[in-house]
Amino acid sequence: MRRPTAKPTARPTGKPESKVRAGSIITAVSFLAVIFGFAVAGAISPDRERSEMENRPLMQIPEFSLKSLKDGKFTSDIETYMSDQVFLKDQLVTLKTAADRLLMKTYQNGVYFGSDGYYLQDYQENRALVEKNISCINDFADSVSGKADISFLLVPNAVSVLSDKLPAVTQTDDQLDTSKFIKESLSDSITLCCPFEELKNAAEKETQVFYRTDHHWTSEGAQIGFESLMTSMGESVPEYSFQTEKLSDFYGTLYSKAPDASAKADEIHLYSDPENSVTVNYVSCGGDHDTPPAEWKKPDGAYVGDSLFARDPKTQKDKYAVFLGGNFSLIEIETQGESDENVLIIKDSYANAAMPYFCRKYKHISMIDLRYYHMEELSVSEYVSQNDIDRVIFLYDIDFVNSDNNFVWLD
Amino acid sequence: MLFSSTTFLFAFLPLVLITYYIVPRAFRNAVLFVFSLVFYAWGEPVYIALMIASITVAYITGIYADKSRKGDPSDCGKAPLISMLAAVVWNIGLLLFFKYTDFFIGAANGIFGTQVRPLGLVLPIGISFYSFQTLSYVIDVYRGEVKSQKNFLALGTYVALFPQLIAGPIVRYKDIAEQLSSRRETLDNFSAGVKRFCVGLGKKVILANSIGALFETISNTPQDELSVAASWLGIIAYTFQIYFDFSGYSDMAIGLGKMFGFEFLENFNYPYISDSITDFWRRWHISLSSWFRDYVYIPLGGNRKGKLRQCVNIMIVWFLTGFWHGANWNFMVWGIYFGIILLCEKLFLLKILGRTPGIIQHLYALLLIVTGWGIFAYEDTSALLQNFKNMFGMGGLPLINSQTVFWLSQNAVLIVILVIASTPLIKRIGDQLAINSPGFYSCVCIPVISVALLIVCSAYLAGNAFNPFLYFRF
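Same order as they appear, the protein sequences are chains A and B.
Going by our numbering, the first sequence wraps up at 412, each residue one higher than the last.
Going by our numbering, the second sequence wraps up at 488, each residue one higher than the last.
These are computed hints drawn from the structure, not numbers from a lab.
We put the CB at the ideal spot given by N, CA and C, even for glycine.
Since no wrong hints were added, every one of them can be taken at face value.
These stretches of chain A come out as covered by chain B in the derived footprint (C-beta under 8 Å, 3 or more residues):
#, segment
1, 65-74
2, 79-88
3, 105-112
So the derived list for chain B, only partly shown, Cβ under 7 Å to chain A, looks like this:
#, residue
4, F204
5, F420
6, S472
7, Y474
Distance condition first, Cα-Cα at most 20 Å in a straight line; then the derived SDA-like pairs of lysine to any residue:
#, chain 1, residue 1, chain 2, residue 2
8, A, K71, B, L16
9, B, K321, B, L364
10, A, K74, B, L137
11, A, K71, B, F112
12, B, K365, B, G353
13, A, K71, B, P59
Please construct the entire structure, taking both the sequences and the accompanying hints into account.
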């Protein structure tokens, strides 16, 4: 290490040696302050169960055993524990994103930092999987043909609808290619609606159709999707008179992938119609949450809600789960809607935000989520015939059709 | 344990520092030895026995070699020789057994069509480094260049010293023999160590890991989505990754050494500004090439036994250097590749190069260095060959595609920083500043930059960024 030595040519202000000495003290003390500070603060600050910001559980202190020590599991768990529970973890994670953005990275962890504060999820087409999934849907259509009308609301994602917000250079594939392919390969007996233009037009007129920090569409986006579907099906759009409740401070899943200090929180709009009472019956409760919302648990153990919106998630990180409390295997909803038809919606989470509009339209709605509707008593087509389903609606976003492996459960 | 982990930064390091500085001087080696064992056992709870055995063998043979020459330090007679050879056999044997057995079994199966089952041993981390350190000790004792170490703890501290234990540099016993028994920890040294450590951490965590992620992405991309430019970008990314990773580790080792009063020799000296491959190997992993020079090349006769013999010696050394980096064909080829280039340079090429403009010399060196990493980076022969075909336009790939443009756009700023950081520019600015305004430099620049690097690195570690360990093969 070459230290600057005092040279006669050095500026004559003070003695250079003493300044170097002072510098050594400052450097050593500040370094020690940081490492000891983090060590002590990390040791005394309470451990967190999960990180709301990153939307994942955090490692807890591992249990010691000779076996886990010998096979290296103990020490590697300690490493994970130390990094998960590090002091100021959330601030550090944000700082990492800031550092990456300073390096002009516009892409991190599968998301782009778009303009106007939008996070946009990358899309890489998996043509083989799309083909397989569409053929599952076609097979299903064959098996229920004559019993029910089938339509398909295929929702393009923000990355294509809001493509003008993407950074200049991206690696994303074109979802319009995928939707074109789906259109060509989908059975003629299925009415397809892909509201790309409708969503894009609305976005251009300043309607926020997707959340900035989450991969879902907003309630407004969902309304546009619903109405486009009704138009394609040749059905009338019902009249709504909604009351609006607003949930603020929503930082969604995309934010969790690349938490950025400059990200702007989203607002979730909950539309409810006081004239239209709903009964939400959680028939089969497997899903992405342990149980349906606890407030709807009945003495007999069943879950029956009187609203499309759960109270619990309003205070939690995963605020999109306010719609129906998350995704569940089978939900049956009774409403005062216009039409008497029995409707089955086979869906992903995009459907949840559209339910206020469906409930205005249909009296009897069933929702099946194929990610969880496995090995149930009735197969989906048996469900259709036993429940006199008049109308089957597939509601999926393109990314889901492109990545999910559960369409085989339609069989 | 890795330096680039929150466990090291915020648990191990504070603990070892506080313990080291509160115990009386007489116990400081013991503190370092015990903490080093914990450091090693953290990742290798079983193989620690092996390292202790190696230390014991070196301890006994060293003392025996010294004793048997009865006070005559120039006596390299039979008894000291046998003692030294025993230690050499032990160390080389260990290395051969753990590192190379499966390779030889695989090679034999391939050549003779036999069906011998590989042992499937996990390579003990750092064995190539600590074996070479131990060897330098026993050989130097045999040659009478240093006295044997009577204190087991001091010898153990030398071999196991955690700063250089798992990724070098290969510190020679004679270079720190004195420091083991009497060293002075000073504030100036400590603070210089802090600066060096933080710079090394930044090189590893911010620069090497970030560009390493690009190499990882490109090398995992299916052939039909690549381009000629992408395969160059990939190998250039690897070129930066291995330098900033490896020299970052060396910086951290040197910095930590300073914090405990040790002075290790430099291991890297801006290798990518070399103007020839001869120059490159004076600047890259200096502790390894000088080890091979002093313990293989010169004992083989070096350049003292005629030109032909010298050429043979050079090829032997570079074959071994390559093979030291890993038990695989590509590392052998990589070593031989450099052996041949060095031979050519020695015989005629340097003379020709000397007559060309500097820029040509640098381009020549860089092209050969980058091509060398193309051999080094791929252990799978077919992937290696495919990559070279791609690089030189024989892979049927487009010159460039949109995917490549995307990768470039994401990494452009990083690459500019990497290029600048590969040159002594920043150091020169610092040195100039230190002369012109020493107060600002030492009281503001150094502490602010050191702490900022430490915190940003913690952010990358807390954010679970890509953080590989490249030396499992070494």
